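K.L.:
Hey, can you work out the whole structure from these sequences and the hints?
Protein chains: 2
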Amino acid sequence: MLMEGIEMTVEQAKQVMLEMFQKQQAIGYAGAIMHWDAATGAPKSAMPRRAKSMGFISGLRHEYFVNPEVEEAIGVLYDNRDQLTANEKREIELTKKNYEETSKIPKEEMQNYQMLLQKAEQSWEEARETDNFDMFAPHLEEIIETLKRFAGYRGFEGHPYNLYLDDFEEGMTMEKLDQFFDVVKERLVPLIHEINASDKKIRYDFMTQAIDVEAQKKFGERFLDIMKFDLERGMLKESAHPFTMGADLDDVRLTSRYFEDMFLSGWSSIAHEGGHGIYEQNNARELKESSLRGGTSSGIHESQSRIYENNFCRNRAFMDYFHPLLKEEFPGKFDDVTTEELYEGINLVRPSLIRVEADELTYPLHVLIRYEIELLLVNNEIQVSDLPRVWNEKMEQYLGVVPSNNAEGVLQDVHWSSGLFGYFPTYALGSAYAAQMYNKMTESFNVEEALKRGDFQEILDWLSDRVHKYGTTKTPDEISMIATDELLNPKYYCDYLETKYRGIYGLNK
Amino acid sequence: MLMEGIEMTVEQAKQVMLEMFQKQQAIGYAGAIMHWDAATGAPKSAMPRRAKSMGFISGLRHEYFVNPEVEEAIGVLYDNRDQLTANEKREIELTKKNYEETSKIPKEEMQNYQMLLQKAEQSWEEARETDNFDMFAPHLEEIIETLKRFAGYRGFEGHPYNLYLDDFEEGMTMEKLDQFFDVVKERLVPLIHEINASDKKIRYDFMTQAIDVEAQKKFGERFLDIMKFDLERGMLKESAHPFTMGADLDDVRLTSRYFEDMFLSGWSSIAHEGGHGIYEQNNARELKESSLRGGTSSGIHESQSRIYENNFCRNRAFMDYFHPLLKEEFPGKFDDVTTEELYEGINLVRPSLIRVEADELTYPLHVLIRYEIELLLVNNEIQVSDLPRVWNEKMEQYLGVVPSNNAEGVLQDVHWSSGLFGYFPTYALGSAYAAQMYNKMTESFNVEEALKRGDFQEILDWLSDRVHKYGTTKTPDEISMIATDELLNPKYYCDYLETKYRGIYGLNK
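For the protein sequence lines, the chains are S and L, in the order given.
The first sequence begins at 1 in the working numbering and counts up one residue at a time.
The second sequence begins at 1 in the working numbering and counts up one residue at a time.
Accuracy of the hints is not assured; some may be wrong.
[Said to hold, decoys possible] Part of the chain L face toward chain S, derived, beta carbon under 10 Å:
hint, residue
1, L18
2, Q22
3, W36
4, D37
5, A42
6, P43
7, F56
8, R233
9, G234
10, K237
11, R253
12, R257
13, R285
14, K288
15, S290
[Said to hold, decoys possible] To list a few chain L residues with every Cβ distance to chain S over 10 Å, as calculated:
hint, residue
16, K23
17, I57
18, L60
19, N98
20, E142
21, E186
22, P190
23, S198
24, A215
25, A240
26, I382
27, G409
28, L460
[To be verified] Listed next, the stretches of chain L that the computed footprint assigns to chain S, with coverage defined by at least 3 CB atoms under 8 Å from CB atoms of chain S:
hint, segment
29, 25-35
30, 44-50
The hints are simulated quantities; they were obtained by calculation from the structure and are not laboratory data.
Here the structure is a predicted model, which means the values were calculated and not measured.
Built from N, CA and C at the ideal position, the CB exists for glycine as well.
P.N.:
Okay, structure coming up:
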């Protein structure tokens with residue numbers, strides 16, 4: 001600590017920040033590994049000990065961040081931000097914003113919240129396994145109450161939900177999001193109706209045939225390698241809900257989940273998480289030790305997972321490479337299927353219950369349902385106990401299907417048990433960014449030709465150069481401008497889906 | 001912090017200690033999970049980040065422990081130890097000893113040492129894979145120098161090696177150990193010579209037949225369940241060097257390693273680590289949050305792994321249960337073997353290169369070699385660069401076999417890369433304690449009858465009641481007295497080995 005009454009110099013302030021970030025990284029890595037361990041096989045009985053440990057670590061992170069020395073350093077650097085490099089300036093702006101919000105939440109409450117999330121996630125898992133929503137409900141109520149209390153501490157303009165949105169998508173507001181969803185609804189809902197009414201027969205039998213789970217896992221690693229995910233600096237495992245964890249530039253981990261009779265599920269999760277992982281792995285190396293490492297927003301992160309999962313890997317051109325690969329990897333399983341049938345099967349549109357298994361076209365409606373429910377909860381228009389009923393009503397309204405149990409319904413996603421309110425909308429934003437980037441990419445080179453050869457190098461270079469390398473040094477809007485020369489525009493997303501699915505279902509434009 | 005000049009009350013001191021232990025546990029669990037992660041599959045490229053994180057955590061543990069408040073609390077509790085319960089008294093005595101030693105080592109040096117160990121272990125792995133001792137040597141030199149410097153800080157009576165011994169086996173000295181090894185050498189070396197000269201033919205072909213590794217892993221879990229290791233509160237995975245990690249009373253993890261043509265290796269590691277794990281799992285539940293959880297010494301811990309691995313699972317009586325089990329689990333693999341042949345094959349005596357693969361009889365000579373080498377290093381009678389030569393000479397002298405590379409020689413064990421000097425001898429002590437406990441157990445019930453049925457319940461109850469439940473509340477000598485009514489006596493160990501192996505090899509007493 002410096003002597004009272006003497007202001008820090010810029011150099012001293014930089015040193016304070018460096019040490020703070022180093023401590024955060026050291027302790028943050030430990031937290032990340034415990035999280036990974038919990039998701040990929042730790043004994044259930046380890047939960048109480050882990051919850052204490054995670055809670056303690058969270059308290060430390062708060063303590064290292066929120067203190068007079070760091071506060072002074074932030075002030076000094078912010079006041080002198082014109083002397084800083086662009087990255088330093090961005091870092092101090094993000095840190096100042098973060099500080100102002102975090103410092104308003106008492107350390108002990110944050111620590112208790114982290115312990116609550118540990119317990120809630122465990123409870124969600126059990127509740128989902130046993131279809132027992134009531135077991136999970138009290139935890140969810142406590143999470144929502146805590147987030148509301150936190151919003152009060154942090155302060156907000158307009159609606160508190162804007163605060164949650166901005167946490168995951170810098171600059172996003174309910175107003176912008178409503179406009180986005182209005183376009184999406186206006187263009188996609190009629191298309192889905194047309195498709196539902198179409199008499200096009202899509203062959204699907206080969207998608208539900210039995211494929212050995214161990215063989216699927218093995219193929220998963222090969223596929224990641226094809227996508228240019230670097231398995232030397234990462235790994236693939238199994239968990240209840242697929243996720244990606246970029247614990248370090250050189251430690252990026254993915255999970256998938258496998259079903260013997262649903263090959264598409266495990267494979268598309270791998271393509272999806274692989275896209276996230278590629279983003280994390282291809283930050284500029286100079287960001288390895290920086291707080292600017294990672295993805296700039298959930299929406300931009302999701303654009304990278306979606307562009308690999310949908311725009312590349314479910315592309316008709318890619319099937320020319322993928323079909324022979326499948327035949328080689330799973331002898332006899334894809335021999336009596338045409339490449340066209342494979343393409344259609346992989347892109348079958350069928351309103352269904354599980355978001356992560358949803359087809360590309362109905363997917364945004366799953367997201368819309370969660371967005372609307374979150375708003376109802378935040379506005380106290382419904383209670384947690386109403387959730388199973390409201391969920392089912394909205395599924396019926398938008399998708400015309402109703403889950404027969406909560407495991408296939410309101411309990412299907414991990415997010416709420418992790419306190420991720422305001423996160424779901426970024427899934428739809430990601431798909432829209434992905435379509436916009438893909439469209440722009442075709443101006444640089446022949447993407448379909450590359451996909452036909454299963455060659456992802458040029459794709460990787462294009463995305464790394466415009467998205468990955470920047471980490472969080474640019475805002476989502478800046479990334480959109482750098483990569484596509486315009487801000488987010490749902491037109492590309494809707495155009496892409498219309499062209500693709502009208503093609504598959506033989507509908508006139 | 002309390003006000004200066006006013007002494008803490010006993011209650012205040014207890015509160016200070018409780019908070020300190022809670023912090024240690026929280027941060028210690030994080031360290032344990034990172035260690036587990038590193039050993040069971042983390043990408044290699046994660047090492048630098050993990051090393052920083054582990055080093056930081058180690059620094060925190062030091063900081064929480066070594067400070068004026070804890071020092072005062074220890075003083076107050078120690079001075080008033082007659083007011084404490086027996087467990088509280090034991091805890092403060094152990095903690096005081098630990099404090100006096102730890103506080104003498106500067107925090108930064110301890111932190112650097114932890115980072116060194118991270119790097120050394122990674123380097124050892126690579127050196128072993130590539131048979132490149134020179135790559136590992138500088139790390140080992142630095143470890144030895146650090147341990148010597150630490151011994152200087154800590155202070156010791158007699159020989160510095162006594163300090164290392166006492167770290168793992170409370171109360172052990174070179175003098176006692178030399179006496180122990182003298183008896184062992186005197187009685188076992190001639191026996192090994194007799195066996196080497198015997199013309200008894202032992203069938204071994206079925207021990208090297210190909211057995212699918214995945215099937216071995218699956219059997220491993222079933223076998224742990226038979227042994228009464230609780231898989232609900234623990235797990236089994238794979239690592240380069242098998243180990244057990246008791247991260248919590250309800251989170252006890254084991255690893256084994258598997259070879260298709262060496263079934264014995266994976267299985268005996270499971271029986272061995274299972275014994276360690278059973279000890280950790282069966283501490284009294286009241287010790288869950290206590291610093292007195294765990295095993296009281298490495299020797300006593302090893303007695304539990306050895307008693308399961310050798311005294312129970314390589315017992316002739318157990319073969320009556322084990323043989324049908326193997327036939328069921330691995331169809332066709334053990335059908336043309338008699339139970340007697342299985343027993344003899346599992347207990348084949350053959351001087352060999354790898355300690356963890358050694359037979360029960362030549363095993364203590366592997367330990368003796370490491371003990372003698374450690375003394376030579378500590379006494380500066382040899383340098384690290386001499387190790388490959390000295391190793392090979394001693395292998396020739398005691399076992400009559402010489403490794404053709406360092407991976408099968410001086411690089412085979414992880415211990416030195418983890419700074420574990422003074423640890424190896426406890427492996428031999430463990431076997432001796434095991435024989436002494438087994439002998440005593442037969443006075444309580446018919447152990448062989450239980451083994452014939454594959455029933456480990458009575459065994460578990462006996463050991464839990466006399467060893468496991470106590471955690472570290474008793475010294476090794478006290479555990480020996482409680483369990484066997486006498487102190488460690490190598491007679492039981494030598495008697496056991498003589499009877500067993502004279503029987504197998506048809507030699508007269």
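K.L.:
Decide, holds or violated, for the assertion that all CB atoms of chain S are farther than 10 Å from the CB of L:A240.
P.N.:
Its Cβ never comes within 10 Å of chain S, the nearest being 16 Å, so this holds.
K.L.:
Against chain S, run the beta carbon of L:G234 and see if the smallest gap drops under 10 Å.
P.N.:
Holds: closest Cβ of chain S sits about 6 Å from L:G234, inside 10 Å.
K.L.:
Against chain S, run the beta carbon of L:Q22 and see if the smallest gap drops under 10 Å.
P.N.:
Given a least distance of 8 Å, the restraint on L:Q22 holds.
K.L.:
Evaluate the condition: distance from the CB of L:L60 to the nearest CB of chain S exceeds 10 Å.
P.N.:
violated, 8 Å
K.L.:
Does the closest beta carbon of chain S sit nearer than 10 Å to the beta carbon of L:W36?
P.N.:
holds, 7 Å
K.L.:
At 10 Å, judged by beta carbons, does L:P190 keep clear of chain S as stated?
P.N.:
holds, 47 Å
K.L.:
Beyond 10 Å from every chain S Cβ: check whether that's true for L:A215.
P.N.:
Check passes; 13 Å lies beyond 10 Å.
K.L.:
Any CB of chain S closer than 10 Å to the CB of L:F56?
P.N.:
The hint holds - L:F56 has a Cβ within 10 Å of chain S, the shortest such distance being about 4 Å.
K.L.:
If I take the minimum Cβ distance from L:I57 to any residue of chain S, is it greater than 10 Å?
P.N.:
L:I57 is in fact no farther than 10 Å from some Cβ atom of chain S, at 6 Å.
K.L.:
Is the interface hint for L:L18 satisfied, with its Cβ closer than 10 Å to some Cβ of chain S?
P.N.:
violated, 13 Å
K.L.:
Is the nearest Cβ of chain S still more than 10 Å from the Cβ of L:G409?
P.N.:
holds, 29 Å
K.L.:
Beyond 10 Å from chain S, beta-carbon-wise, is L:N98?
P.N.:
Given a closest Cβ separation of 21 Å, the condition holds.
Going down the numbered hints, you'll see the structure goes against 1, 12, 13, 15, 16, 17 and 18, while the others check out.
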